[in-house]
Structure formats: structure tokens, C-alpha cells
Amino acid sequence: MNISTEKQDQVSIVSAEGRLDAVGAPEVENAIKNLVREGSRKLVFDMAKVAYISSAGLRCLLVLVKTMKSAGGTMVLSGLVPSVREVMAFSGFDSILSLADDRAAALGLLK
Amino acid sequence: MANDPAELARVMDDVEARLEALNVSPKRQFAVRLTLDELLSNVIKYAYDDGAVHQIGLRLEPGSPFRVTIEDDGQPFDPLTEAPPPVLDGPVEDRPIGGLGLHILKQMGLRMQYQRVNNRNRLQVEFPDE
Numbered sequence: 001m002n003i004s005t006e007k008q009d010q011v012s013i014v015s016a017e018g019r020l021d022a023v024g025a026p027e028v029e030n031a032i033k034n035l036v037r038e039g040s041r042k043l044v045f046d047m048a049k050v051a052y053i054s055s056a057g058l059r060c061l062l063v064l065v066k067t068m069k070s071a072g073g074t075m076v077l078s079g080l081v082p083s084v085r086e087v088m089a090f091s092g093f094d095s096i097l098s099l100a101d102d103r104a105a106a107l108g109l110l111k
Numbered sequence: 001m002a003n004d005p006a007e008l009a010r011v012m013d014d015v016e017a018r019l020e021a022l023n024v025s026p027k028r029q030f031a032v033r034l035t036l037d038e039l040l041s042n043v044i045k046y047a048y049d050d051g052a053v054h055q056i057g058l059r060l061e062p063g064s065p066f067r068v069t070i071e072d073d074g075q076p077f078d079p080l081t082e083a084p085p086p087v088l089d090g091p092v093e094d095r096p097i098g099g100l101g102l103h104i105l106k107q108m109g110l111r112m113q114y115q116r117v118n119n120r121n122r123l124q125v126e127f128p129d130e
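Protein sequence lines, in the order shown, are assigned to chains A and B. Going by the working numbering, the letters in the first sequence line up with residues 1 to 111, in that order. Going by the working numbering, the letters in the second sequence line up with residues 1 to 130, in that order.
Don't read these hints as lab results, they were simulated from the structure. There's no promise every hint is true.
Claimed, not checked - In silico DSS-like cross-links for lysine-lysine, where the CA-CA straight-line distance does not exceed 27 Å:
#1 B:Lys45 - B:Lys106
#2 B:Lys106 - B:Lys27
#3 A:Lys69 - A:Lys33
#4 B:Lys45 - A:Lys33
#5 A:Lys111 - A:Lys7
#6 B:Lys45 - A:Lys66
#7 A:Lys49 - A:Lys111
#8 A:Lys49 - A:Lys69
#9 A:Lys49 - B:Lys27
Stated by the list, open to error - Footprint (simulated), chain A over chain B, 3 or more residues, beta carbon under 8 Å:
#10 36 to 49
#11 103 to 112
C-beta atoms are modelled at their ideal positions from N, C-alpha and C, and glycine is treated no differently.
My request is simple: use the sequences and hints to build the entire structure.
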């Protein structure tokens, strides 16, 4: 999994490329938890290059949403590819995660 | 394959290469990866409590229907009836995690059949034609 982080105004943007599975999920979880620990309270997780997600990946997103929420912040997921979005819908996670079509829309939600 | 998470990653890459060689569509490849990922990790995590190395059997039949069979000699477990139901509604804070992988597979319209044969669990999965 390739993970990169940038900051735009007050928003941290994390992009990942690869598979959000039992191997990739802990890497993303660590990266985002570190940002929350360092004080990030508005965060976009850009998933446009995440081609695959398993239940291990969904678990990691759930943990991160809870972490961010208990810190008083907000995390938005952006740019999900259709197959990943389908898994989200099957799991019912689409109703509890904030999803945006792309990065710009996600930033708009965090304004 | 052995009941070892590191082995799972290797097998998945191997399966992906074979599906690629068979010109299986990206959509089907995604579904097969997800199916094996969820089912094999469940076997590795829950089927054994003796700490020993066990062999898990895996067969791909790329016909019509496209079929995958997994066999293990672990504790008897019928994922179609014995898996804990996932809790999918309610606030984020209250959601326990469990049975999620199997729930997703069922939602994907796969046909799953479980048998206990010669002290082994055999789970056969058929993928809907595209």
C-alpha cells in the first residue's frame, strides 16, 4: 500500500494506492491514527486508487471513524471506485460513513 | 496451502495471476478475491485451536458456472447457518464487528453450499454468470 499525506488549509488529505485488506488496512489505520494524535480534526481519505476492499478494510474504516468522532473531528471518504462502493453498500457501511464523489466534494463537506 | 496468514497473501497473488491468464473480467476477479480472502481468513483464524500446521484445499473451476471449493480439516463449521449475524444499523459507536465478510458474500448473490465430508468442511461457491 502506498500512502501519502498532504494538508490543505485545516484539512489533512490522505491518499492510498493498493488494496485495503488484512495487509493494507493496518498501514492506513496507523497513518490516520497518527494524524488524529497530532491534532488533525478534519480529514479526507481519498480512496480513488484503492482498487479493493475486504471486511478487514471495512473494519479499519469503522475504527477510524470512531477514533475521529471521539476526538471531536470528521473524516470523509472520497472517490470510491464502483466495486469498492458496492461492497460498502452490501455491508451497510455506506449509511454510517461520509462519502463524497471526489476530493473537491469532500473538501466542500468539511468547510 | 497452509493455515498461515502469510501464505494467504501468496495464494491470492497466485490466484490473481491465473485469473488474469484466463481473461477473467475485473469484476469477477474482484468477487473471487473477496470470496477467497474472507473464507480463507475465517478458516485460518477460527478453524484450528491446536497451533499445528494444517493444509487447506482450494480448487478453482473456471467454467460455467464459475466455481470455487475450499476444504479444511478444522472444527465443523457451516458458515451458512452458524456465522454470527452482523449488526448493520444503529450508531457507529454501537456497532460490533462480526460475520461481516460472510454477510457481504451472501449479498453478492453467490450460491454457497456447505458439506461435512470425511471429517472435513467443504464449502462450494458458485458465481453468477455475468
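Right, here's what the structure says about each hint:
no., hint, result
1, B:Lys45 - B:Lys106, "holds (20 Å)"
2, B:Lys106 - B:Lys27, "holds (16 Å)"
3, A:Lys69 - A:Lys33, "holds (12 Å)"
4, B:Lys45 - A:Lys33, "holds (25 Å)"
5, A:Lys111 - A:Lys7, "holds (14 Å)"
6, B:Lys45 - A:Lys66, "holds (25 Å)"
7, A:Lys49 - A:Lys111, "holds (24 Å)"
8, A:Lys49 - A:Lys69, "holds (25 Å)"
9, A:Lys49 - B:Lys27, "holds (16 Å)"
10, 36 to 49, "holds (count 3)"
11, 103 to 112, "holds (count 4)"
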